[in-house]
Amino acid sequence: MMEKLIFTKSVAGRKEDYLPELDLPAVDISELLPPQLKRGERPHIPELSEIDVVRHYTRLSRLNYGVDTGFYPLGSCTMKYNPKINEDAANLPGFSQLHPYQPEEYTQGALELMYTTQQYLAEIAGMDAFTLQPAAGAHGEFTGLLIIMAHHAARGDHKRTKVIVPDSSHGTNPATAALCGCSIVQIPSNEDGSVNLEALRAAVGEDTAALMLTNPSTLGLFETQILEIARIVHEAGGLLYYDGANMNAIMGYARPGDMGFDVVHLNLHKTFSTPHGGGGPGSGPVGVKAFLEPYLPKPVVARKEENGTYYLDYDRPHSIGKVKAFYGNFGVVVKAYTYLIMMGREGLKEVSEKAVLNANYLMSLLSPTYHQPFSGPCKHEFIITPKTLKETGIHTMDIAKRLIDYGFHPPTVYFPLIVEEALMIEPTETENKETLDEFAKTLLKIAEEAKVNPGLLQEAPHITPVSRLDEAAAARKPVLRWRPGSGE
Amino acid sequence: MHYLPHTPEQVDAMLKSIGVQSTDELFRDIPESIRLKQPLSLPQGLSENAAWRNLQELAGKNKHAGQYICFLGAGAYEHYQPRAVSHLLSRSEFYTAYTPYQPEISQGTLQAIFEYQTMICELTGMDAANASVYDGATALAEASLMAAEATRRNQMLVSSAIHPEYRATMETYLHGRGISLELTPYWGGLTCQDALGKKINKEVAAVVIQYPNFFGSIENLQQFAEIAHAAGALLIVCADPVSLGVLESPGKLGADIVVGEGQSLGLPLSFGGPYLGFMAAKEKYMRRLPGRIVGKTVDRLGREGFVLTLQAREQHIRREKASSNICSNQALCALSATLYLSLLGPGGLEQVGNQCLQKSHYAKTLLSKIEGVTIPFQVPTFKEFVVKTEESPESINRRLWEAGILGGLDLGRYYPELTNHILLCVTEVRTKEEIDKLARVWGDNV
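Protein sequence lines, in the order shown, are assigned to chains A and B.
Letter by letter, the first sequence follows residues 1 to 488 in the working numbering.
Letter by letter, the second sequence follows residues 1001 to 1446 in the working numbering.
Mixed in with the good hints there might be a few duds.
Claimed, not checked - Beyond 12 Å from chain B on every Cβ pair, some chain A residues (computed):
#, residue
1, HIS44
2, ALA129
3, ARG155
4, GLU198
5, ARG201
6, GLY205
7, ARG303
8, LYS304
9, ASN307
10, GLY321
11, GLY393
12, GLU421
13, ALA447
To be verified - Below, computed lysine-lysine pairings styled on DSS-like, alpha-carbon distance capped at 25 Å:
#, chain 1, residue 1, chain 2, residue 2
14, B, LYS1016, A, LYS38
15, B, LYS1321, B, LYS1364
16, A, LYS84, B, LYS1061
17, A, LYS304, B, LYS1061
18, B, LYS1252, A, LYS162
19, A, LYS433, A, LYS445
20, A, LYS162, A, LYS38
21, A, LYS441, A, LYS84
22, B, LYS1321, A, LYS477
23, A, LYS433, A, LYS390
24, A, LYS38, B, LYS1364
25, B, LYS1016, A, LYS433
26, A, LYS441, B, LYS1016
27, B, LYS1284, A, LYS477
28, A, LYS159, B, LYS1364
29, A, LYS289, B, LYS1037
30, B, LYS1364, B, LYS1388
31, A, LYS38, B, LYS1282
Said to hold, decoys possible - Between beta-carbon pairs, the in silico distance windows are:
#, chain 1, residue 1, chain 2, residue 2, range
32, B, LYS1037, A, ARG59, 53 to 61 Å
33, A, GLU434, B, SER1180, 58 to 66 Å
34, B, LYS1037, A, GLU235, 23 to 31 Å
35, B, ARG1303, A, GLU191, 41 to 49 Å
36, A, GLU191, B, ARG1028, 15 to 23 Å
37, A, GLU191, B, ARG1413, 24 to 32 Å
Please keep in mind that the hints were generated in silico from the structure rather than gathered at the bench.
The beta carbon of each residue, even a glycine, is placed where N, CA and C say it ideally should be.
With the hints as extra help, turn the sequences into a complete structure.
The structure is reproduced here in structure tokens:
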């Protein structure tokens, strides 16, 4: 059952009073607000009692699927379990009720937490300095690329306006380059999914600002030629940008800084177990090698050697400026810090070990039935396609939707774009063997169903309050809001 | 180890299924020369109990707004959040979900965002809203990019009475696109209409005004809309949403794009984030909005439901031609604002707005009676206002702090000409007694 819109449940005059009576002498409103600035018509937001609101949104929550609901093998998104202590930590009043403009002497705990997180992330990524200011991975990319551009500009090298990305890259990479005023050079991948070095050599030149790469790649494969790639880009005068979306696969095993990357972003909401919240808030800290440190956005959280106190350093003449107000999504950083101190050095390595183990195990269970475009080992995610089911007329989307009927969230579909009919699966380290076995069994069963009764898949899902929705109609005639008087 | 469920026997069985001897073999593709030879230089992991003690210790080193009477605002505000908000937000079906790419099992998030979009449109007087961006500052930056694209012009005419950190963020965003940012002065606490009128030209894509502005003064938007539109430019308004329960909607006064910081809608201070950037526009600009947008549609049986829509604007489809690079937004913060508005209703929101007006006015009047304190800007203000002092802001704030009061923002930090000026904030949560105490301690400096 779907839920009616909250606006249609509103009853004029019904209300809850959360405020006490005004406890001081009231002044006539016309003395405080000129009539032309006073609101004429009240906004049509709902008039409901608390129980109405609680029931409405509780019911909506039940139409949702989260990691706590079930297995969420969404490739490249790293939907791992989010420990409950993380939530409690961010809600401690000493963190949640802290004003960003309070004097530094009364925010030492928060600054220490941020400083320590920066240090830990730098160690994990093999970089020299970090900023926590970016609010999401894509925001981190923007920050990182601006740092690279500032570096070129400081050397008087204004020709470097081209950003190279492999054709398997995340859509955010090209969009970010455009946002920074750069143009994109896309290079093809080899048959085995690795970067085509010939194409890279042909693409670099005196106009190369950067190469943006994730390693392991979006195909779930470690780019073994990375040192050669770094050499080619650096010799051409460009810098190497690391998209940290896949960091969950290599913590404690390898570091982008040691591979030749100059700038990285990490997604705290992926690798460091801060929940995705239905699409945010995230956090995308950016790490740099020492020579790029002067360009970090300001302020930078720093520590005074003489007395061990922490402060916000605004005195940074070469900084790219600010990428958002204040200091970043601090509440998200608290959650990541909690995770970091609980996992520690061995724990983080074991996270990657088990994430990779789970992915390879799941791939081993599926590979006899589903086509596997690249041979292993994979890292924390892998790609399969229903190529073997081609004659059934079944597409990737049909398999994804049928999984819903069996209680699973579908994997990422049709990404990366270079693999036809891709299903991109990332089990993460927090799932147990029983879940992976059950998931594999279900995918094998669906392959059987495809042969016997393809219609069952094509009309899936069957158990949800709505089935496949008409996205084309939604875009053609957009209805983006409810209007008063429109009823339902 | 925490959150890793495998038993040694299971690991063996899994390795066998894969056909390798050890997990190390699964990392054989990482070249020897870049493989980490030693453990990460980090402390050992802590038990949950030990981690909790560490967190409490760090939180305890901070003095927070719950312990002190807070008169500090300047872009981050202490408003009352009904207790039901956090209870509903802690439903893990909401907070552990991903971006709703699979609409059949994400109708909860999708419908909540549709309701959020509607409420933002209602508050701002706009036709379409997105599902949020990172914060007020980035919302303003994104709106500027939108206006530049829509008008094919490359200059922003920006009031200097806009939050300085928002202006700084805009500069960072606009720089790469070759769009310049021209500041226009304030006079008497309000954006100077004459100066703006003289500065506007056919290169200006948008006039950018904050409402109420950084000094808390309520700008007369209509006059700026007229100036902007006469020159073929748009009016972008950065509004405090909580003020829109009592202030006329920017849409009614001629705004084309309205953005703002949604933290006022019941989100905690959280040392500056996560906050909520909201963004709404007139229908004409709907397809230029960045980021996620939810739309209503039907399934094959004609049942109504919600999907992410207009995705052709977005980075994962359109790549370098996308309207922005935004991917993750602030969905859970948007849900929080939706809950806040649903619980308060139009009456509750108006009440919050009225009490902000009344209480800040009361504080302003009381402080103005203190010797050495004057009110430099004699204009209508909402919940913040500026006072000029003879004593240094630092000295006053220190005295206040000792009495358990978190004082205002030293404006000299951002506006050199406003040395010895303090920006104070009085929201509905402050009581008469607390305001009286502020005045008493402030005035008692002999």
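Here is what the structure says about each hint:
1. HIS44: violated (5 Å)
2. ALA129: holds (16 Å)
3. ARG155: Consistent with the label, ARG155/A stays out of reach of chain B, its closest Cβ about 17 Å off (over 12 Å).
4. GLU198: holds (20 Å)
5. ARG201: holds (20 Å)
6. GLY205: holds (19 Å)
7. ARG303: Check passes; 14 Å lies beyond 12 Å.
8. LYS304: At about 15 Å from chain B, LYS304/A clears the 12 Å cut-off, so the statement holds.
9. ASN307: Non-interface label on ASN307/A holds, nearest chain B Cβ at 14 Å vs cutoff 12 Å.
10. GLY321: Incorrect as stated: the minimum Cβ-Cβ distance to chain B is 4 Å, not above 12 Å.
11. GLY393: holds (17 Å)
12. GLU421: At roughly 17 Å from the nearest Cβ of chain B, GLU421/A sits farther out than 12 Å, so the non-interface label holds.
13. ALA447: holds (18 Å)
14. LYS1016/B - LYS38/A: violated (73 Å)
15. LYS1321/B - LYS1364/B: This hinted pair is violated, its Cα atoms lying about 50 Å apart.
16. LYS84/A - LYS1061/B: holds (23 Å)
17. LYS304/A - LYS1061/B: Since the Cα atoms of LYS304/A and LYS1061/B sit roughly 17 Å apart, the hinted pair holds (cutoff 25 Å).
18. LYS1252/B - LYS162/A: violated (44 Å)
19. LYS433/A - LYS445/A: The given pair, whose Cα atoms are some 18 Å apart, holds under the 25 Å limit.
20. LYS162/A - LYS38/A: Roughly 51 Å between the alpha carbons, so the hint for LYS162/A and LYS38/A is violated.
21. LYS441/A - LYS84/A: violated (30 Å)
22. LYS1321/B - LYS477/A: holds (22 Å)
23. LYS433/A - LYS390/A: violated (30 Å)
24. LYS38/A - LYS1364/B: holds (20 Å)
25. LYS1016/B - LYS433/A: Holds: LYS1016/B and LYS433/A sit about 13 Å apart, inside 25 Å.
26. LYS441/A - LYS1016/B: holds (18 Å)
27. LYS1284/B - LYS477/A: Cα-Cα ~14 Å, so holds.
28. LYS159/A - LYS1364/B: violated (55 Å)
29. LYS289/A - LYS1037/B: holds (20 Å)
30. LYS1364/B - LYS1388/B: holds (11 Å)
31. LYS38/A - LYS1282/B: holds (21 Å)
32. LYS1037/B - ARG59/A: 53 to 61 Å: holds (54 Å)
33. GLU434/A - SER1180/B: 58 to 66 Å: Between GLU434/A and SER1180/B, where Cβ atoms are some 60 Å apart, the hint holds.
34. LYS1037/B - GLU235/A: 23 to 31 Å: holds (27 Å)
35. ARG1303/B - GLU191/A: 41 to 49 Å: holds (45 Å)
36. GLU191/A - ARG1028/B: 15 to 23 Å: About 20 Å separates the Cβ atoms of GLU191/A and ARG1028/B, which means 15 to 23 Å holds.
37. GLU191/A - ARG1413/B: 24 to 32 Å: violated (58 Å)
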